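K.L.:
Residue strings, one per chain:
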Amino acid sequence: DAKTTQPNSMESNEEEPVHLPCNHSTISGTDYIHWYRQLPSQGPEYVIHGLTSNVNNRMASLAIAEDRKSSTLILHRATLRDAAVYYCIPTSGAGSYQLTFGKGTKLSVIP
Amino acid sequence: ETGVTQTPRHLVMGMTNKKSLKCEQHLGHNAMYWYKQSAKKPLELMFVYNFKEQTENNSVPSRFSPECPNSSHLFLHLHTLQPEDSALYLCASSQDPWSGLTPLHFGNGTRLTVT
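So the sequence lines, in the order shown, correspond to chains A and B.
So the first sequence is residues 1 to 111, counted in the working numbering.
So the second sequence is residues 1001 to 1115, counted in the working numbering.
With the rest of the complex left out, here is chain A (with noise of 0.2 Å):
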């Protein structure tokens, strides 16, 4: 599995753009870039996942470095519901597929 290295934590405004960075400089050619987060008290939630190219959805967009060895999950505008832990995966296309959680990156959210 590569190895992804995130802040232990990161604090936004509310109402602000947050980008959650992540490394994973080991990763494989056809490894994709899942995002999950895990808001108090709940299971994780998965965010979005991406291979190489920026990929959009409702609650987030992911940017993908054009050398595969980091990416950044963009929340556009923080609220405080999005206060959670967030963890960057990569994970394997093909074959047994197993998560495997890092500590993630703690968000808070300041109204």
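Derived by calculation from the structure, the hints in this document are not laboratory data.
Certain hints may be false.
Said to hold, decoys possible - In silico BS3-like links for lysine-lysine, alpha-carbon gap of 30 Å or less:
no. : chain 1 : residue 1 : chain 2 : residue 2
1   : B       : 1019      : A       : 3
2   : A       : 103       : B       : 1036
3   : A       : 103       : A       : 69
4   : A       : 3         : A       : 106
5   : A       : 3         : A       : 69
6   : B       : 1041      : B       : 1019
7   : A       : 69        : A       : 106
8   : B       : 1019      : B       : 1040
9   : B       : 1041      : B       : 1052
10  : B       : 1018      : B       : 1041
11  : A       : 3         : B       : 1041
12  : B       : 1040      : A       : 3
13  : A       : 69        : B       : 1041
14  : A       : 69        : B       : 1036
15  : A       : 106       : B       : 1041
16  : B       : 1022      : A       : 103
17  : A       : 3         : A       : 103
18  : B       : 1052      : B       : 1019
19  : B       : 1022      : B       : 1041
20  : B       : 1040      : A       : 103
21  : B       : 1018      : A       : 106
22  : B       : 1040      : A       : 69
23  : A       : 106       : B       : 1036
24  : A       : 3         : B       : 1036
Every value quoted in this text rests on a predicted model; they were computed, and no experiment measured them.
Use these hints to put chain B onto chain A, whose structure you have.
P.N.:
Here is chain B on its own, set in the frame of chain A:
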């Protein structure tokens, strides 16, 4: 409502007790999973079931015994646990465990305390 329901939400048990955790999914998924989340540790995969067959056992002690009677239900039977087994136990499901593209859907977990 996550689509994956776990009961009970909280459980306190003694080391000599036997209890079971229940998970149910109404998403039509074929695969179900048990994860363990201890304080200050990352989520750990315990078991994977695909079409009711166990496909992964991540070196879990035998005091944890999973059961998957059908693709919608998953149980974790607990007996003679240790205090260090206290953790949040999370159930998840996905359409296909062999594809890295189908996301996991998690329940909100059972907070287990072993006294």
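K.L.:
Name the hints, by number, that the structure is in violation of.
P.N.:
1, 21
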